[in-house]
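Using the sequences and the hints, build the whole thing.
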Amino acid sequence: MKSRDLAYIALFAAIIAVLGLLPAVYPLGSTVPITAQTLGVMLAGSVLGARRGALAVLTFLVVVAVGVPALSGGRGGLAVFAGPSAGYLYSWPIAAFVIGVLTQLTWRRFNLAWAMVANLVGGVAVIYAIGIPFVTVYTDASLTAAASSAVSFIPGDIVKAVVASVVAVAVAKAYPVIELPRRRPAAG
Amino acid sequence: MTVSLYVPLASPVHRAPAGLKLGLLAALAVALFVVDRPEVVGAALVVVVAVGLLVARLPARSLWAQVRPVWPWLVLLLLFHGVFTDWRTGAVTTLRLLALVVAAAVVTSSTRVTELVAVVEWLARPLAVFGVRPARVGLVIAMTLRFIPLIAERAHRIREAQAARGAARMRWGILVPLLIQVLRLATTLGEALDARGADAPVTPPRRRAGASTS
Chain B
1 MKSRDLAYIA
11 LFAAIIAVLG
21 LLPAVYPLGS
31 TVPITAQTLG
41 VMLAGSVLGA
51 RRGALAVLTF
61 LVVVAVGVPA
71 LSGGRGGLAV
81 FAGPSAGYLY
91 SWPIAAFVIG
101 VLTQLTWRRF
111 NLAWAMVANL
121 VGGVAVIYAI
131 GIPFVTVYTD
141 ASLTAAASSA
151 VSFIPGDIVK
161 AVVASVVAVA
171 VAKAYPVIEL
181 PRRRPAAG
Chain C
1 MTVSLYVPLA
11 SPVHRAPAGL
21 KLGLLAALAV
31 ALFVVDRPEV
41 VGAALVVVVA
51 VGLLVARLPA
61 RSLWAQVRPV
71 WPWLVLLLLF
81 HGVFTDWRTG
91 AVTTLRLLAL
101 VVAAAVVTSS
111 TRVTELVAVV
121 EWLARPLAVF
131 GVRPARVGLV
141 IAMTLRFIPL
151 IAERAHRIRE
161 AQAARGAARM
171 RWGILVPLLI
181 QVLRLATTLG
191 EALDARGADA
201 PVTPPRRRAG
211 ASTS
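Protein chains in written order, with our numbering: chain B, 1 to 188; chain C, 1 to 214.
No wet-lab data here; the hints were simulated from the structure.
The model shown is predicted, which means the values in this text are computed figures rather than measured ones.
Check the hints yourself; a few may be wrong.
List time: in silico SDA-like cross-link candidates among lysine to any residue, alpha-carbon distance up to 20 Å [said to hold, decoys possible]:
1. B:LYS2 with C:ALA91
2. B:LYS173 with C:THR187
3. B:LYS2 with C:ASP194
4. B:LYS2 with C:LEU139
5. B:LYS173 with C:ILE174
6. B:LYS173 with B:ALA113
7. B:LYS2 with C:GLY190
8. B:LYS2 with C:ARG136
9. B:LYS2 with C:LEU127
10. B:LYS173 with C:PRO177
11. B:LYS2 with C:GLY131
12. B:LYS2 with C:VAL176
13. B:LYS2 with C:VAL132
14. B:LYS2 with C:ALA195
15. B:LYS2 with C:MET143
16. B:LYS2 with C:GLY197
17. B:LYS173 with C:TRP172
18. B:LYS2 with C:LEU185
19. B:LYS2 with C:VAL129
20. B:LYS173 with C:VAL176
21. B:LYS2 with C:ALA128
22. B:LYS2 with C:LEU193
23. B:LYS2 with C:ALA135
24. B:LYS2 with C:ALA124
25. B:LYS173 with C:ILE180
26. B:LYS2 with C:ARG196
27. B:LYS2 with C:GLY138
28. B:LYS173 with C:ALA142
29. B:LYS2 with C:PHE130
30. B:LYS2 with C:PRO134
31. B:LYS2 with C:ALA192
32. B:LYS173 with C:GLY173
33. B:LYS173 with C:GLN181
34. B:LYS2 with C:ALA142
As structure tokens, then:
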């Protein structure tokens with residue numbers, strides 16, 4: 001891993017933290033906040049790729065764990081990793097990794113459609129696939145009860161996946177960061 | 001500098017090594033999930049709160065600030081189990097969660113960020129097998145802490161520039177310019193790190209494929 005990769009990781013971890021500072025949006029008078037933080041997770045995967053994206057998210061979580069209140073709503077410390085909703089936090093690095101893998105697979109023909117696929121699969125499906133069972137195991141609640149508690153967040157997450165995809169495509173055009181291994185050997 | 005949840009005080013809990021505190025926290029977490037008698041879990045909660053308020057002398061306010069976000073969960077859990085399972089299970093689950101969250105908050109409030117980062121570096125040592133260099137883990141965390149205020153400031157500046165051009169309603173409009181600025185910064189930063197020897201085993205500069213980057 002090159003020094004520039006370390007810089008990418010640190011800077012994106014900081015971006016995820018800064019996105020948590022943006023005030024939450026309450027669309028249509030609902031009580032469910034939409035925060036920009038998972039947007040940062042999606043962007044880490046789709047801009048930096050699988051490895052660096054996942055490491056950036058992991059770094060962000062470590063920074064939160066050591067006591068920086070960088071989670072949206074000014075939360076932080078080890079306490080946030082103990083609650084029933086901690087499974088969502090643990091899912092974030094995996095989400096960024098999956099988004100990165102899908103982005104790299106489609107990188108040669110990367111467009112809004114592929115970005116949407118990557119962000120919806122990695123940034124929405126993966127997060128719920130880990131977060132909901134975690135709530136269930138933690139609270140001994142049934143899977144359906146836990147799932148119904150999450151449903152209200154899904155529209156906001158789809159909005160974020162769209163925003164992340166638009167931004168990722170724009171950044172990929174202006175300043176591509178993902179480098180694929182060259183197909184032809186030698187001659188390099 | 002970035003704010004942290006650390007509350008500077010002189011107490012035995014503050015002086016205890018960070019690794020010990022984290023180890024005890026982990027042990028407590030395991031123990032709480034093995035035990036399922038409400039009186040034992042309740043006693044653990046009382047002990048944890050007493051350690052936080054009386055031994056570490058942390059202000060109740062700073063502990064409460066970290067516990068508050070799980071409050072709705074606690075109420076929901078108690079009601080859910082009270083109605084669908086039984087009140088005993090509800091009490092155990094709620095008390096267990098509360099004890100764990102308070103204990104974590106005590107550790108966070110009584111330990112400096114730098115000490116915890118040192119523990120993270122120490123924990124990363126076995127990862128050397130996979131080629132992870134623990135010192136670099138610490139370096140990346142330190143850089144992140146430094147960059148949070150810097151990026152917040154840049155985001156603010158971009159928003160002001162956009163507002164000056166009459167684009168006040170563009171909520172997500174700052175993301176693309178912000179990301180491109182940050183990616184540029186990373187390139188400069190990588191070079192600065194190399195110049196200071198962060199990239200110890202010297203690798204020959206590789207030519208990039210196509211993409212011309214300014």
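Hints, verified against the model:
no.: 1; hint: B:LYS2 with C:ALA91; in the structure: 51 Å, violated
no.: 2; hint: B:LYS173 with C:THR187; in the structure: 17 Å, holds
no.: 3; hint: B:LYS2 with C:ASP194; in the structure: 9 Å, holds
no.: 4; hint: B:LYS2 with C:LEU139; in the structure: 13 Å, holds
no.: 5; hint: B:LYS173 with C:ILE174; in the structure: 17 Å, holds
no.: 6; hint: B:LYS173 with B:ALA113; in the structure: 15 Å, holds
no.: 7; hint: B:LYS2 with C:GLY190; in the structure: 8 Å, holds
no.: 8; hint: B:LYS2 with C:ARG136; in the structure: 11 Å, holds
no.: 9; hint: B:LYS2 with C:LEU127; in the structure: 18 Å, holds
no.: 10; hint: B:LYS173 with C:PRO177; in the structure: 13 Å, holds
no.: 11; hint: B:LYS2 with C:GLY131; in the structure: 13 Å, holds
no.: 12; hint: B:LYS2 with C:VAL176; in the structure: 24 Å, violated
no.: 13; hint: B:LYS2 with C:VAL132; in the structure: 12 Å, holds
no.: 14; hint: B:LYS2 with C:ALA195; in the structure: 13 Å, holds
no.: 15; hint: B:LYS2 with C:MET143; in the structure: 15 Å, holds
no.: 16; hint: B:LYS2 with C:GLY197; in the structure: 11 Å, holds
no.: 17; hint: B:LYS173 with C:TRP172; in the structure: 18 Å, holds
no.: 18; hint: B:LYS2 with C:LEU185; in the structure: 15 Å, holds
no.: 19; hint: B:LYS2 with C:VAL129; in the structure: 18 Å, holds
no.: 20; hint: B:LYS173 with C:VAL176; in the structure: 11 Å, holds
no.: 21; hint: B:LYS2 with C:ALA128; in the structure: 16 Å, holds
no.: 22; hint: B:LYS2 with C:LEU193; in the structure: 10 Å, holds
no.: 23; hint: B:LYS2 with C:ALA135; in the structure: 14 Å, holds
no.: 24; hint: B:LYS2 with C:ALA124; in the structure: 19 Å, holds
no.: 25; hint: B:LYS173 with C:ILE180; in the structure: 11 Å, holds
no.: 26; hint: B:LYS2 with C:ARG196; in the structure: 13 Å, holds
no.: 27; hint: B:LYS2 with C:GLY138; in the structure: 16 Å, holds
no.: 28; hint: B:LYS173 with C:ALA142; in the structure: 30 Å, violated
no.: 29; hint: B:LYS2 with C:PHE130; in the structure: 16 Å, holds
no.: 30; hint: B:LYS2 with C:PRO134; in the structure: 15 Å, holds
no.: 31; hint: B:LYS2 with C:ALA192; in the structure: 12 Å, holds
no.: 32; hint: B:LYS173 with C:GLY173; in the structure: 16 Å, holds
no.: 33; hint: B:LYS173 with C:GLN181; in the structure: 14 Å, holds
no.: 34; hint: B:LYS2 with C:ALA142; in the structure: 17 Å, holds
In the structure shown, a violation is registered for the earlier hints numbered 1, 12 and 28, in ascending order.
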